[in-house]
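Following the hints, position chain B against chain A.
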Amino acid sequence: EDQVTQSPEALRLQEGESSSLNCSYTVSGLRGLFWYRQDPGKGPEFLFTLYSAGEEKEKERLKATLTKKESFLHITAPKPEDSATYLCAVQARGGSEKLVFGKGTKLTVNP
Amino acid sequence: DAGVIQSPRHEVTEMGQEVTLRCKPISGHNSLFWYRQTMMRGLELLIYFNNNVPIDDSGMPEDRFSAKMPNASFSTLKIQPSEPRDSAVYFCASSRFGNTDTQYFGPGTRLTVL
Chain A
1 EDQVTQSPEA LRLQEGESSS LNCSYTVSGL RGLFWYRQDP GKGPEFLFTL
51 YSAGEEKEKE RLKATLTKKE SFLHITAPKP EDSATYLCAV QARGGSEKLV
101 FGKGTKLTVN P
Chain B
1 DAGVIQSPRH EVTEMGQEVT LRCKPISGHN SLFWYRQTMM RGLELLIYFN
51 NNVPIDDSGM PEDRFSAKMP NASFSTLKIQ PSEPRDSAVY FCASSRFGNT
101 DTQYFGPGTR LTVL
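Same order as they appear, the protein sequences are chains A and B. For the first sequence, the working numbering assigns the number 111 to the last residue and increments by one with no breaks. For the second sequence, the working numbering assigns the number 114 to the last residue and increments by one with no breaks.
To be clear, the hints were calculated from the coordinates, so they are not data collected in a lab. Please note that a few of the clues may not be correct.
[Claimed, not checked] When the alpha-carbon atoms are kept at most 30 angstroms apart in a straight line, the in silico DSBU-like pairs for lysine-lysine are as follows:
1. 106/A / 68/B
2. 103/A / 78/B
3. 98/A / 63/A
4. 69/A / 103/A
5. 78/B / 98/A
6. 79/A / 24/B
Okay, chain A solo, but in the shape it has when bound (with noise of 0.2 angstroms):
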């Protein structure tokens, strides 16, 4: 079955302070990972998607890499307006469409 692991479930970072967030999966062949950011009341907003591992995809203060076993999602300087959470899902080969999730990471930036 396939799984999807985030870690931390929540983390506080000053303004400015670079961080990253874990993602580990495990999937009968990748044929996608997706970084989501979701705000309160909303839902989830595409980021990035990583096809291969040695990818990396970058918008504004954010980063994601993705190795065989997890992907990073780096924020560099982040800002109060980057506060959301974090959402990571993966998609398996095999012509599914199917999306599994991680439960996510909730980020707090304080000013």
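Frame of chain A; chain B shown alone:
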């Protein structure tokens, strides 16, 4: 372009009542997904459709849940009869199959069953 549209945004009902949640996917998207989010279990896929055909309904918790997609621009998720444990946020998402498969989520329906 308009994103995924869901209605209602909030629903409060009593145990035993029928609940119908509605979703309009992004125009041109041919896959539609229904998810449920709770604190305990996180975000879980209930069912998804491709070209209006149900493909995987293995996440539907029991026979009280049913979903339909009568055309490319509309889908419903029905719970009958509803129970307090069905209280959750229900999300609809859509994607254009074959184009990175990125799923775009709607704002969700917060369901409370008393």
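- prompt: Given the proposed pairing of residue 103/A with residue 78/B, does the C-alpha separation stay at or below 30 angstroms?
  reply: 25 angstroms, holds
- request: Sort out whether residue 63/A lies within 30 angstroms of residue 98/A, counting only the CA atoms.
  value: The given pair, whose Cα atoms are some 24 angstroms apart, holds under the 30 angstroms limit.
field: Restraint status (C-alpha distance of residue 106/A to residue 68/B at most 30 angstroms)
entry: 34 angstroms, violated
- request: Verify the proposed pairing of residue 69/A with residue 103/A, using a straight-line Cα cut of 30 angstroms.
  value: 17 angstroms, holds
query: Is the straight-line distance between the alpha-carbon of residue 78/B and that of residue 98/A 30 angstroms or less?
result: 21 angstroms, holds
message: Run the distance test for residue 79/A versus residue 24/B: straight-line Cα separation, threshold 30 angstroms.
response: Given that 30 angstroms is the threshold and the Cα spacing comes to 34 angstroms, the pair is violated.
The structure fails hints 1 and 6 (numbered hints given earlier, in ascending order).
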